Structure formats: structure tokens, C-alpha cells
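Visitor: Produce the complete structure using the sequences and hints provided.
Respectively, the protein sequence lines represent chains A, B, C and D. Oh and the first sequence: position 368 is 368 in UniProt numbering, straight run, nothing missing. Oh and the second sequence: position 125 is 125 in UniProt numbering, straight run, nothing missing. Oh and the third sequence: position 3 is 3 in UniProt numbering, straight run, nothing missing. Oh and the fourth sequence: position 344 is 344 in UniProt numbering, straight run, nothing missing.
Hint data in this document are derived by calculation from the structure and do not stem from the laboratory. Keep in mind the model is a prediction, meaning the values are calculated, not measured. One should not assume that every hint holds.
No copy is singled out in the list; a pair is fine if it fits within one copy or between any two copies.
[As the list claims (entries may be wrong)] Derived lysine to any residue pairs resembling SDA-like cross-links, with alpha carbons at most 20 angstroms apart:
(1) K387 <-> A7
(2) K340 <-> R53
(3) K411 <-> S246
(4) K387 <-> I68
(5) K26 <-> E379
(6) K162 <-> G382
(7) K411 <-> E343
(8) K340 <-> E73
(9) K198 <-> D380
(10) K162 <-> S246
4 protein chains.
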Amino acid sequence: MSAAKFAPKKVVLAYSGGLDTSIILKWLQTEYGCEVVTFTADLGQGEELEPARAKAELMGIKPENIFIEDVREEFVRDFVFPMFRANALYEGLYLLGTSIARPLISKRLVEIAEMTGADAVAHGATGKGNDQVRFELAAYALNPEIKVIAPWREWDLSSRTKLLAFAEENQIPVAKDKRGEAPFSVDANLLHTSSEGKVLEDPAQMAPDYVYQRTVAPEDAPNEPEFIEIGFEKGDAVSINGEAMSPATILTKLNELGGKHGCGRLDFVENRFVGMKSRGIYETPGGAVLLEAHRGIEQITLDSGAGHLKDSLMPRYAELIYNGFWYSPEREMLQAAIDKSQEHVTGTVRVKLYKGAATTVARWSDHSLYSEAHVTFEEDAGAYDQKDAAGFIQLNALRLKLLAARNRRFK
Amino acid sequence: MSAAKFAPKKVVLAYSGGLDTSIILKWLQTEYGCEVVTFTADLGQGEELEPARAKAELMGIKPENIFIEDVREEFVRDFVFPMFRANALYEGLYLLGTSIARPLISKRLVEIAEMTGADAVAHGATGKGNDQVRFELAAYALNPEIKVIAPWREWDLSSRTKLLAFAEENQIPVAKDKRGEAPFSVDANLLHTSSEGKVLEDPAQMAPDYVYQRTVAPEDAPNEPEFIEIGFEKGDAVSINGEAMSPATILTKLNELGGKHGCGRLDFVENRFVGMKSRGIYETPGGAVLLEAHRGIEQITLDSGAGHLKDSLMPRYAELIYNGFWYSPEREMLQAAIDKSQEHVTGTVRVKLYKGAATTVARWSDHSLYSEAHVTFEEDAGAYDQKDAAGFIQLNALRLKLLAARNRRFK
Amino acid sequence: MSAAKFAPKKVVLAYSGGLDTSIILKWLQTEYGCEVVTFTADLGQGEELEPARAKAELMGIKPENIFIEDVREEFVRDFVFPMFRANALYEGLYLLGTSIARPLISKRLVEIAEMTGADAVAHGATGKGNDQVRFELAAYALNPEIKVIAPWREWDLSSRTKLLAFAEENQIPVAKDKRGEAPFSVDANLLHTSSEGKVLEDPAQMAPDYVYQRTVAPEDAPNEPEFIEIGFEKGDAVSINGEAMSPATILTKLNELGGKHGCGRLDFVENRFVGMKSRGIYETPGGAVLLEAHRGIEQITLDSGAGHLKDSLMPRYAELIYNGFWYSPEREMLQAAIDKSQEHVTGTVRVKLYKGAATTVARWSDHSLYSEAHVTFEEDAGAYDQKDAAGFIQLNALRLKLLAARNRRFK
Amino acid sequence: MSAAKFAPKKVVLAYSGGLDTSIILKWLQTEYGCEVVTFTADLGQGEELEPARAKAELMGIKPENIFIEDVREEFVRDFVFPMFRANALYEGLYLLGTSIARPLISKRLVEIAEMTGADAVAHGATGKGNDQVRFELAAYALNPEIKVIAPWREWDLSSRTKLLAFAEENQIPVAKDKRGEAPFSVDANLLHTSSEGKVLEDPAQMAPDYVYQRTVAPEDAPNEPEFIEIGFEKGDAVSINGEAMSPATILTKLNELGGKHGCGRLDFVENRFVGMKSRGIYETPGGAVLLEAHRGIEQITLDSGAGHLKDSLMPRYAELIYNGFWYSPEREMLQAAIDKSQEHVTGTVRVKLYKGAATTVARWSDHSLYSEAHVTFEEDAGAYDQKDAAGFIQLNALRLKLLAARNRRFK
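Guide: Shown next, in the form of C-alpha cells:
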């Protein structure tokens with residue numbers, strides 16, 4: 001729309017070095033005759049980044065316009081961990097692995113645009129998905145003047161054949177294994193790998209085994225359970241088995257452990273923000289372990305008032321992240337509430353990993369609110385007076401009695 | 001309190017036939033000199049009921065005052081299934097197996113009191129737990145004139161020794177295996193078995209294997225996964241592997257299947273309504289499978305508006321059930337909203353059971369809202385115009401742009 | 001977008017008979033060469049409808065294609081009253097007078113389209129406002145095949161001069177007082193009159209007196225208060241001063257009474273769904289009285305559980321109506337919950353009307369939950385045992401004490 | 001209960017100097033033989049405090065045990081203003097004037113107990129009301145070891161006659177006008193005056209005029225409206241008519257202005273936390289003006305995401321304050337979210353005061369998000385592309401279309 005009519009002078013492109021974003025790079029150059037700046041981020045997707053530099057140079061990008069950055073620590077510290085403080089699950093099950101990576105990419109795109117004097121940013125997301133929304137809302141929220149170019153919504157390269165033809169015409173090298181169509185589409189970062197489309201499009205068909213890339217099948221996982229201890233401070237994981245680690249290191253290690261035991265697989269049909277349902281296969285090995293452990297430590301360190309409020313806010317919080325509103329006042333308000341609750345979420349959880357499941361089996365903390373003195377079946381030395389319960393119940397019942405008496409009059 | 005001063009003439013007691021409720025029966029007779037009516041319900045706890053009749057008769061209860069009933073179908077149809085329509089989880093994890101059985105027991109206690117002209121009901125729950133609250137709130141909500149006797153809050157039988165002495169004095173037979181103290185306390189019904197207390201009181205210690213009674217350990221479950229198909233109509237399970245079954249039969253069958261595969265174990269520290277934390281071991285084999293499958297069928301039959309509203313109401317709904325407010329206007333309001341959402345939650349889900357996990361792997365329905373025509377990566381024949389997304393994003397972004405412009409002025 | 005490319009054969013137009021919709025009528029005929037069906041509804045906007053027939057005929061609409069209907073009773077019974085059961089206020093203050101009328105108009109447009117074999121409907125709302133969204137979402141929700149034509153988003157009649165030129169070219173009569181531009185824009189129906197735009201566009205400037213059309217200024221209202229009694233049944237108003245009346249008659253009468261006393265004026269800056277803020281002047285005389293009275297009767301007939309749940313759902317409910325989601329599963333779910341709560345909202349409220357304010361001063365009901373026996377400062381004959389409060393407080397305090405003890409350890 | 005059995009050595013009493021708390025003072029001395037410390041706070045209730053010192057001395061309280069403090073600034077700054085940032089209304093209408101004062105009193109009671117080595121605090125609230133809960137929850141949340149003595153729940157002075165007899169026996173002077181029973185009970189502080197009980201106990205009867213103490217009747221208010229301008233910074237009022245003032249000064253001034261114009265009267269039936277309904281007459285003149293103005297400034301400075309989230313959290317927030325959970329983690333979490341939203345709630349509101357109503361008539365701010373460029377009915381120079389709305393609507397409609405198509409298949 002408005003964006004379509006806009007002719008950018010200099011565009012910062014989220015560039016993976018792969019075929020699709022290489023085509024976009026070239027298309028931006030030919031369609032708009034504009035200067036292109038490339039931004040390639042290591043979010044833990046497990047690919048070499050340096051090849052992207054060579055490819056960009058080959059396509060005429062000036063060295064000072066090539067940005068390649070390892071943002072893994074920032075990703076986990078400022079995005080993944082704050083989200084896990086909320087125990088966020090979209091539609092009850094999805095750990096938001098794709099959603100949470102987009103705002104960081106947009107943030108860097110906008111910052112690089114501001115540094116390099118670019119007037120636009122561009123991304124390779126299609127017009128059907130959520131990612132376009134996430135990229136663009138984040139960009140606009142960070143710089144209201146920036147323009148966003150979404151080639152997939154603009155160009156007429158609507159089939160694989162046309163794309164490959166464009167690549168050929170423009171001397172973009174196409175790896176042999178990219179000539180055919182991939183049987184499904186993949187997104188990956190340190191938190192998760194998602195697969196969707198093509199062979200996965202029928203939710204009545206089980207996903208083929210070859211879709212899974214990051215976790216072993218539970219059937220192939222070790223026959224012995226493994227027990228690990230995760231340490232938390234103020235709601236964030238800080239150690240594994242007693243060894244302190246940085247945020248990205250912890251998530252990497254949890255991915256390794258979770259993946260080995262087949263944890264974090266999800267076959268899911270979700271509601272996209274753009275209005276349709278889609279089916280995805282998600283693998284979030286470390287995330288699944290982390291969620292379980294975080295809940296475990298909250299069980300003893302969070303009181304019911306805080307915990308129940310958190311639970312009731314979580315669906316809205318997860319929806320905001322899924323829909324692309326990370327940089328919105330309401331997400332920040334919820335984050336303020338959630339972070340406030342985490343001040344004493346400090347302690348250690350023992351988690352059992354076995355054949356696809358991560359299960360809390362023990363937890364302890366100096367900050368524990370669990371009081372054996374109160375709960376014990378034994379004599380409690382006056383910690384709790386059972387007779388108090390009578391009054392508690394009477395007053396909780398009072399309105400129900402008044403209701404019952406009223407309602408009986410009208411039966 | 002007020003209840004303590006009240007002297008009942010005739011009391012309906014929730015009577016299991018076990019030692020504790022036999023002592024209560026006798027205590028009611030001796031303390032108040034009142035007539036006792038016993039109510040023994042088969043909620044699927046897996047115990048013979050008829051021995052309770054003999055024991056009651058032995059303690060002088062008139063035959064017409066002995067009520068023994070199989071309420072399993074009512075339990076599942078009117079309590080368990082409505083709750084599962086909500087995907088209810090207390091504090092993110094607990095399937096509310098104890099909570100949901102209490103209102104039904106109270107309902108029958110009150111009804112029997114009205115039939116037999118009793119002026120009070122009595123239960124065997126202690127003054128520290130949630131069950132006393134659940135029993136009593138439900139009773140008062142159904143009959144505002146009824147009195148509730150809670151012997152554990154009144155008597156001075158505060159230790160095992162005193163209890164056994166009272167039993168002996170009163171010729172209450174004590175089974176040999178009941179002479180010692182049980183290492184933990186158990187509650188069971190068709191939905192779950194819970195264990196708590198004693199050896200489980202330290203949440204930093206792993207629960208011993210012998211606590212689990214209803215599920216095999218995942219390690220001992222079959223090495224081959226089992227795939228089952230659960231059919232739903234309007235949100236309720238109606239068939240397994242194509243065979244139509246009654247509510248209680250379905251849950252029984254799911255318990256068998258889930259239990260065999262080690263599904264539905266939970267080691268949990270929860271917040272009791274009475275203000276303390278407690279640790280419980282829950283086994284809900286059929287329930288765990290049912291929750292997973294219900295979510296699976298909702299994924300394709302529920303739209304996002306309904307689904308997200310349900311998700312946001314669920315924590316409050318679960319809290320109400322946990323706290324004993326089944327018979328409250330607010331639970332009924334939420335139920336009306338939830339039931340409204342289930343009109344098209346009809347279809348079939350394939351679930352994989354393996355080593356402790358129940359996982360949706362496929363789902364289909366004539367009522368499906370999933371549209372491959374819209375979501376496909378292939379040509380969609382005009383089902384969806386990608387250019388619409390530009391306008392969608394622009395208007396969603398407008399307020400964020402206005403915010404960003406404003407906030408920049410104050411940096 | 002997609003709609004723009006579509007060429008309708010037969011269009012049902014929401015036609016007021018005024019200049020703007022007459023221009024749209026002609027534009028549809030000339031732009032698309034399609035047959036036009038007109039629908040003119042009496043929603044209580046206070047204008048004669050029959051002139052619309054003559055105008056439509058003059059523009060060549062066949063008599064069988066002219067639909068003129070009095071929908072006031074349906075409007076109040078099926079839209080206004082259900083909404084008032086919720087005490088709905090958008091952004092704390094706005095009674096949603098425009099929002100609630102749109103779904104009914106769309107419903108009739110779609111029904112008439114189905115009756116007359118039309119393939120599209122058309123409305124006269126602009127591309128900046130909420131009404132386009134409300135019209136179109138309702139239409140699509142009722143008939144997924146229908147197309148909606150929104151001429152203001154399509155044509156190039158972007159200025160008053162161009163519009164008048166088009167009218168002149170096409171022999172559309174223009175009343176003299178319509179030649180100049182109106183100083184603001186007005187929407188009216190039985191529930192309210194809204195004014196916005198032009199002289200009202202600066203929210204720092206007080207609205208001029210001449211904007212108000214339906215209420216006297218509080219300063220000009222009678223110097224004596226007037227007391228009226230409104231009777232309710234199941235949440236809906238059914239009588240005034242003891243006289244039973246139909247829904248539309250009651251609202252008409254309340255408008256008269258409220259308007260005479262200057263009630264229901266609102267100067268408001270709101271957030272439109274399309275992302276911008278706008279300023280409106282609303283006059284909802286009868287609605288303001290009705291809201292006050294409904295709250296008054298709920299005070300004695302609704303219990304706190306139901307009332308607090310309603311309060312917490314209301315903002316979402318109001319937002320859904322404002323945003324145009326009347327016909328959505330989530331609005332229907334909330335309505336089911338709200339309606340469930342109203343079963344005993346029956347009784348009478350005395351309201352004082354004076355100089356702009358409507359104030360509940362007394363209320364009574366056979367369904368009242370108010371118990372003087374419990375609340376009295378006098379002896380209560382055992383209705384309430386004050387000692388119960390001690391236990392109630394102790395158990396409510398328990399978690400706070402455990403928190404305080406924990407937090408003290410870390411100071 | 002537990003508290004009842006406790007024998008305090010030294011008690012800090014919330015002491016007004018009036019008859020009731022003087023009787024309590026003496027009763028504590030005689031019943032427990034304990035040392036009494038008095039705390040008398042100026043919360044703006046409009047009474048002289050120094051007489052309380054003389055009375056306390058007369059009853060044998062040591063000078064160093066008499067604490068008389070002006071806490072008005074703290075009250076408004078740390079309690080009233082944070083609450084008004086939330087636009088808190090209990091059950092839609094009540095400005096929480098009593099509720100918000102209790103935590104501050106408890107805070108000082110506990111602090112003085114810690115300073116003076118007292119082991120208990122005492123208050124004069126009855127066992128039927130909310131205030132006992134508020135006092136005690138706050139005290140326990142601040143010091144888990146403190147004991148609270150609530151004489152009204154303990155003693156047998158259950159009638160006026162017995163109270164006066166006790167006073168006489170103990171040489172407590174009784175003012176002549178206190179010999180008879182007051183026709184209703186009053187609580188007052190800088191935010192409000194509440195009246196309840198006795199002549200007000202029948203909610204079907206209009207409250208007599210003499211109940212109102214702090215506001216003129218709207219009928220007696222000036223015949224000319226008065227316009228005032230309230231300045232806000234980060235959500236708090238900071239000036240009136242351009243003059244900067246301290247929090248307590250502002251509220252005092254607003255009370256004067258609002259009271260003169262009859263603003264802030266409320267005749268209300270509410271749900272007490274202890275389970276019964278009660279009827280109160282509230283006068284909150286300054287608060288009513290402040291709420292209106294705060295909403296006015298939020299209208300232009302808060303975006304819809306933040307505003308709607310605030311609206312949806314407000315009922316829970318108000319309920320927490322009403323129920324006495326000011327010092328709870330969940331109130332603090334909500335406060336963190338609310339405060340986060342107020343960072344740009346800065347600007348000025350013009351409010352019209354007239355015959356009982358306070359009405360925003362204009363508002364302006366450097367922080368305004370209102371964009372005339374976007375909303376204008378005139379040419380907007382490209383600020384907004386109306387065609388974007390088509391895509392916005394199409395994608396919002398998509399799920400509704402899919403629903404409609406599905407639902408049609410099952411009709």
C-alpha cells in the first residue's frame with residue numbers, strides 16, 4: 001500500500017545468505033535501484049555466518065554495508081528469559097520460539113538503518129504469515145519514520161519457477177539441493193526450530209519423522225533417565241548442575257540435554273494473527289526443560305496471589321508476543337508486573353529427562369515459602385489453628401447461603 | 001465456631017467404611033447422641049462398597065439410613081467433562097482430580113439430608129486442607145439451612161494414638177495394616193489418585209516409587225508407542241478407537257490406557273486455599289490423555305477469538321473449582337461461556353501414548369476451521385490476497401508509530 | 001483490495017435518503033452499472049423515512065428494491081438491552097451508541113441481499129473510522145460469500161467540491177443547507193447522538209453549545225429534581241413509574257426524561273480501532289439513566305462473585321462491540337456469561353434526575369440479597385457470629401505472614 | 001481464635017480520642033493488664049488531634065507512649081495518588097475512600113510497635129466489617145510476628161448500654177451528645193466521608209439530607225458552573241489553575257471545590273469482603289473531580305493498548321484494595337504495571353464543576369498522542385491511507401468468514 005509506492009534510497013535487509021534473501025537483495029537493487037545494507041545475525045540457528053559476507057560482497061554490497069553479528073547473548077538475556085519469567089505459552093502449548101526472535105532482528109535493522117542513514121528496512125517474510133507483522137510492528141514502534149519493504153507482498157515472483165528464473169537471470173548461484181522445492185519450510189534459532197508447510201499441511205496426517213531436526217525421537221532417546229539441577233536467580237536460569245553459565249550458554253546446554261532426551265517436540269495447529277489456522281512442528285528442547293524448571297522453582301518461591309495473577313495475565317502476554325507487539329506499552333506493563341513477581345524466584349530445581357518428558361522431581365530454595373511446620377500431618381506446635389478454618393469457611397459461605405435462600409424462593 | 005455450638009439431631013455422614021470415618025461415625029453418636037445416616041459413594045476409587053454396609057450396620061445404623069450409590073456416570077458427565085471443556089489446570093499443572101469430586105459428594109449429602117430429615121451433614125476432612133472448604137461451601141450453597149459437622153476441627157483426637165484408643169474403647173475393628181501410620185495419605189476417584197503428607201512433606205526430596213499406585217513408571221511402560229483415536233462431540237469425549245462409550249466408561253478406559261503408558265504423573269507443590277503450600281503426587285492417567293486430546297480437537301474446531309477468551313478465563317475457573325466454589329454464580333457464568341464455545345468442538349484426535357507422554361499427532365473434523373486453501377505455500381487461487389496484509393499491518397502499527405513519535409520527543 | 005477488483009451485479013445499499021448516500025447510490029449505478037437495492041432503517045434517529053422512498057424511486061430504484069423498515073424494537077431488545085446487561089462502557093465512559101447500531105444494519109443488509117439475490121452490500125462509512133469495520137465484520141460474519149463495497153475507500157470524490165460537482169452532473173438534488181459544509185458530523189439513533197469532526201477536532205477547545213442536539217444544557221434543565229422509578233426483569237428495563245412498556249418505548253421515554261434534565265452528555269477522546277484517537281461529543285440521555293438504574297438494581301440482586309466477574313469481563317466485552325465484533329464467538333461467550341448472571345436482576349430503582357446527573361437513591365426487590373439481619377449495627381440474633389471473622393482473617397493472612405517472614409530474611 | 005488466647009504485654013492502639021477507642025484503651029488495660037501505646041493520626045478527618053493527647057494522659061498513658069502524627073502528605077502521595085493512577089472504582093462506583101486509609105494506619109501501628117517494643121496492635125473495628133480485615137492483613141503483611149487485638153470481636157460489651165456502663169465504671173468521660181446513639185456511623189479522612197448503619201440500613205429508603213456532611217446538595221450548589229484546570233505529571237495531579245501544590249494540598253483544595261459544587265456523592269449498596277451487602281453514603285468531592293480529570297488526561301496521553309489493559313486490570317486492583325490486600329504481591333505487581341503506563345500521563349485538563357457533576361471539557365498536553373493530522377475530516381496530506389483499511393478489515397474478517405462458512409454447514 002503506502003509502502004509499495006515508496007521508493008527507498010538505502011535499505012537494510014535481514015539477510016541470511018540463503019537463496020531467498022539473495023534474490024530479495026538483487027530484487028531490491030534492480031526494482032528500486034537502491035543501496036542495500038545487509039544484516040546477518042547469529043541467533044543460534046546453527047549456520048555459518050561468514051559465507052553470507054562473501055555472497056553479499058559478490059552481489060556488490062560494500063564491505064561497510066555488511067553487518068554480521070552474534071546476538072545470541074542479547075537474544076536470550078533480553079528476550080527469551082523475560083518471556084520465560086511469564087511461563088508464556090501461546091494457545092496453551094507453543095513456546096513462541098519464532099515470535100520472540102523477530103523483535104530483536106527488527107531492533108538491529110532499525111539501529112543499523114539509523115547508523116547507515118538508510119530510509120528503509122526489508123525482510124523476507126511472506127504475506128500470509130505472522131512474521132511480516134512481527135518484523136514491521138517492531139520496526140515502526142522503534143522508528144516511526146522508517147519504511148519497511150516486504151518483497152513477497154510486492155513482487156510477481158509467485159512460483160518457485162519464477163524465483164529460480166530470476167536467480168538465473170541475475171547470476172545468483174543456486175545450490176543444487178535448493179533447485180527442487182523443500183518439502184517444508186524451516187525457521188531456527190537458539191530457542192527452537194519450527195517446520196511448516198507442504199508435507200505438513202494436512203493436520204490429519206502425522207508428521208513424517210524426517211521433519212524433526214533438533215531432537216531425537218523419544219523412542220530413540222536413552223533408556224536411562226538423566227537428572228539435572230537448574231539454578232535460578234530472580235526468575236532466570238543461572239546454572240546447570242551447579243555450574244554458573246551465561247544465558248546463551250545455559251540455553252545451548254539445555255538444548256543439548258533436552259534434544260538428547262527427545263524433549264520439546266510439539267505438533268500444533270495454531271491461529272495466526274492474520275486470521276487463518278496453520279500447522280507447525282516445533283522443537284524447543286531447552287525451552288521445554290526451562291519452562292518445567294521455572295514452574296518448579298515458582299512452586300515454592302511464589303505466593304498464590306502473585307502466581308494466580310501471573311497465570312491470568314499469561315495468555316494475554318503470550319498473545320502479544322505472538323502477534324508482534326513486543327514493543328508495545330501493554331507488553332511492557334505486563335513485563336513490569338511479571339518482573340516484580342520474580343524478585344524471590346531464586347533456588348534450584350531437579351528435573352528428570354526421559355523419553356521426551358522433562359519433569360520436576362524436587363526443588364529447594366532459601367527463598368522458599370513452603371512451610372513444613374504449617375502443612376505437616378504431625379503435631380504442628382501451634383503453627384496453625386484448625387479452628388480458624390471454621391470462621392474462614394463461614395464467611396466464605398455467607399454470600400452463597402444468602403444466594404441459596406434467595407434462589408429457593410423462586411423455584 | 002457457630003457450628004461447634006450446634007447439637008445435631010440427625011447427621012448424614014460421608015462414610016467410606018474405613019477406620020477414620022468409622023471413628024467419626026462413632027464419635028458423632030457418642031458426642032452428640034444423634035442419629036447417623038451414612039452415604040458411601042462409588043466415585044471410581046476402586047474399593048468395594050458393600051463392606052461399608054456391614055460395618056455401618058455393625059455400628060448400629062438402621063438399614064434405611066445406609067446409602068450406597070454408584071455415582072460414576074454422574075461424576076464424569078456432570079463434573080469431570082464440564083471441567084475438561086475448559087482445559088482447566090490449577091497453577092498451570094494440576095488437573096483438579098480431588099477438587100472436582102467434592103461438590104458431587106456434598107450434593108448427595110444434602111439431598112439425602114433433605115430426604116431423611118437430617119439437620120446436618122458431616123465429613124472427614126481435616127482443618128488444614130482444602131476439602132473441608134469444598135465440602136462445606138457446596139453444602140451451604142445447596143441448602144443454606146444445613147449445618148456441617150467437621151469432627152477433625154472439633155475433637156481432641158489429635159494423634160494416631162488417641163484415635164486408636166478411641167477405636168478400641170468403642171469396639172471399632174482396626175485392620176492390622178491400619179495400626180501403624182500410613183507413610184502418606186491417599187485420595188482416589190475415577191479421575192485421579194493423590195498422595196500427600198509424611199514421606200512426601202519435603203519437596204526437595206524425590207517421591208519414593210512406592211507412592212505411585214495407578215500408573216506404571218515411564219521406565220516400565222511398553223517400549224512401543226500406542227496410538228489411540230478419541231472422538232469428541234460438543235467438547236466431550238464420546239468414543240475411543242471408533243467405539244462409542246458412556247462418560248464413565250471412556251474415562252475408565254483412558255485410565256487403563258494412560259496408566260499402562262505411565263501418563264499423568266505430577267509431582268507438585270501447590271497453594272492451598274487456606275493459605276499454605278503443600279506437596280502432592282498426583283496420578284491422572286486418563287485425564288492427562290483427555291486434556292491433550294481436547295486441546296487437539298479444539299485446535300481445528302475453535303476459532304482464535306473463542307480460544308483466547310477461554311484461555312484467559314481458565315485460570316480463574318480452575319481456581320474457583322480448587323477453592324470449592326463449584327456451586328457459585330461465577331463458576332456457572334464461566335461454564336455458560338465455556339459451554340457456548342464447545343458447540344462445534346466435534347471430531348477425532350489421534351494421540352500417541354509413550355513412556356509417560358500423551359501427544360496429539362493428528363486431528364480431523366467435519367467442523368474444522370482449518371483451511372488448507374488459505375494457508376498453503378502453493379498458489380491459493382485467490383483465497384487470500386497477500387496485499388491485504390500491508391493494510392492490516394499499517395493500521396495495527398498506527399498507534400505504535402504515534403507512540404514512538406511522542407516518546408522520541410521526550411528522550 | 002480484493003473487494004476493489006470485484007464488480008457487483010446487485011448491491012444492497014444502507015440508504016438514508018440524504019445527500020451522501022444518494023451520491024453513493026448514483027456512483028454505484030455509474031461505476032459498476034449494477035442494480036441497487038436500498039435499505040432505510042428507522043433506528044430512532046428521528047428522521048422521516050418515507051422521503052427516502054421518493055428519492056430512491058427518482059434515482060430509478062424499482063419499488064420492490066426499496067426496503068424501509070422500523071427496527072426500533074429489535075434494536076433495543078436484541079442489541080441495546082443485552083449490552084446494558086453488561087454495564088458496558090468503552091474506555092470507562094462511552095456508552096457505545098454508534099457501535100451497537102451497526103451490526104443490526106449489517107444483519108438486515110445481508111438478509112435483504114439473500115432475499116433479493118444481491119451479491120454485495122454497500123455502506124457510506126469512510127476509511128478512517130470504526131463504522132466501516134463494524135459494518136463489514138458483521139456482514140462477513142453473517143455471510144462469508146457477501147462482498148462489501150465501501151465507496152469512500154474507492155472513489156476519488158475526496159473533497160466537498162468534487163462531491164457536489166458529482167451530484168450536479170448526476171441531477172441529484174442538493175438541499176440548500178447542504179451546500180456548505182456542516183460544521184461537524186452527526187450520527188443518531190434511539191440510543192444516542194454523536195457529533196465529531198471539524199469544530200470539534202481540537203480536544204483542547206471546549207465544544208460549542210450548538211453541537212448538542214438532544215439534551216438541554218444542565219444549566220437550562222429544570223431547577224427541581226425529578227424522581228422516576230424504573231422496573232427491571234432479568235436485567236432488562238420493563239417499566240417506568242410502574243407502567244409496563246416495550247423496550248423501544250422505554251428507551252424513548254428515558255431519552256425524553258434524561259434529555260429534559262441534561263443527562264448523558266459526554267465530551268470524549270477515544271481510541272479508534274483503526275489506530276488513531278478522535279474526539280466526539282456524545283448525548284445518550286436515556287442510556288445514562290438506564291446504566292445508573294441497572295447498576296442500582298444489580299447492587300441488591302447480584303452477588304459479589306457474579307458482580308466482580310462481570311466487572312472484570314466488561315472492558316473486553318465493550319471493546320469487542322466497539323471494534324465491530326458483535327457477531328463473534330467471543331462476544332457470544334461473554335454474553336452467555338452475562339445473561340446467566342441476570343436471572344434474578346429483577347426489581348425497582350428510584351433514580352433522581354437533576355441538572356445533568358442521574359443518581360440512584362433507592363432500590364428494592366423481592367430478589368434482593370441484601371440482608372438487614374446480617375448487616376445491622378443492632379443485635380443480629382445470631383445471624384452473624386463476629387468471632388468467625390478472626391478465623392477468616394487468620395487464613396487470609398497466612399500467606400502474607402509467610403511472605404513477610406521470607407522477605408525479612410533478605411532485607 | 002489464636003489471637004484471643006494471646007495475652008499482650010504492650011499494645012499499640014489506633015486511638016482517635018473518641019469514646020469508643022477510649023473504652024478500648026481502658027478495656028485493654030483492665031482485660032490484659034498491659035501497657036498501652038496510643039497512635040493518633042491526622043489523615044485529614046477534620047478533627048483536632050491534641051485533645052487525644054490529654055485524654056490519653058488522663059487514662060494513664062505515658063507521654064512517650066503517645067504518638068500523634070500528621071500523615072496527610074504520606075496518605076495522599078503514597079496511597080491515594082497511586083490508587084488514582086488506576087482509576088480505581090470498586091463495583092463500578094466506589095472510590096475506596098475508607099479502604100485506602102487503613103494500610104497506612106496499620107503501617108504506622110506496626111512501626112510504632114517495633115520502635116516501642118510492643119508485641120501487639122489493636123484497632124476499634126467491629127467483627128462485621130471490612131476494616132478489621134484491612135487493618136489486620138496489613139499488619140500481618142508488615143510484621144508476621146505481630147499480634148492484633150480486635151476488642152469488638154472479644155468483649156461482651158455488645159450493646160450501647162453496656163458500653164456506657166463500662167465507661168461510667170471506669171471514669172471515662174462521655175460527652176453529652178454521645179450518650180444517645182448516633183443515627184448512623186461515620187468514617188472520614190482527606191479523601192472521603194462515609195456514613196452507614198441505622199437510618200441508612202434500608203436501601204429502599206432515600207438517605208436523609210442530614211447524613212451528608214462534606215458536600216452541599218447539588219440543589220444548593222452555585223447556579224454558575226466553575227471551570228478549573230488540573231495539571232498532571234506522570235499520572236499524579238500537581239497543580240490547580242496553574243499553581244503547583246503538594247499532594248495533600250491539592251486534594252484539600254479539590255475537596256473544597258468539589259464540595260462547594262456538590263460533587264462526589266454516592267448512595268451505594270456494596271458487597272463486603274466478609275460476605276454480606278451493606279449500604280453506605282459516600283462523599284468524595286475531591287476524589288470525584290480527580291478521577292474525572294485523570295481520565296481526561298489519559299484520553300490524550302495513553303495509547304489504547306495501555307489503556308485497555310489498565311481498564312481490564314482495574315476491577316481486580318480495586319477489589320484487592322477493598323479487601324485489604326494493599327500489602328500483597330499481586331497489588332504490587334498490578335501497581336508496577338499501572339505505574340509503567342503513567343510515564344507520559346502529563347498535561348492539563350479543564351473540568352467543569354456544576355450541580356454535582358465534574359465534567360472534562362478540554363485537555364491538552366505536550367505528551368499528547370492525539371493527531372489531528374490523522375483524524376481530520378479534511379485532506380490529511382497522506383498521513384493516513386484509507387485504502388489500508390480494506391486490508392485491515394479483510395484480515396480481521398478472515399476468521400469470521402471461516403466460522404460462518406463452517407457454521408452454515410451445520411444449520
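Visitor: Determine for every hint whether it applies to the structure shown.
Guide: Right, here's what the structure says about each hint:
1. K387 <-> A7: between (76 angstroms within a copy, 17 angstroms between copies)
2. K340 <-> R53: Neither. Shortest intra-copy (42 angstroms) and inter-copy (42 angstroms) distances fail the 20 angstroms Cα cut-off.
3. K411 <-> S246: neither (65 angstroms within a copy, 27 angstroms between copies)
4. K387 <-> I68: Neither way: K387 and I68 sit 67 angstroms apart in one copy and 31 angstroms across, limit 20 angstroms.
5. K26 <-> E379: Answer is neither; intra-copy 77 angstroms and inter-copy 24 angstroms both fail.
6. K162 <-> G382: Answer is between: at 18 angstroms across copies they meet the 20 angstroms cutoff, but 79 angstroms inside does not.
7. K411 <-> E343: Answer is between; shortest inter-copy Cα gap is 12 angstroms, intra-copy 52 angstroms.
8. K340 <-> E73: The answer is neither: 23 angstroms in one copy and 26 angstroms across copies each exceed 20 angstroms.
9. K198 <-> D380: between (62 angstroms within a copy, 13 angstroms between copies)
10. K162 <-> S246: neither (45 angstroms within a copy, 56 angstroms between copies)
Hints 2, 3, 4, 5, 8, 10 from the earlier list are contradicted by this structure; the remaining hints agree with it.
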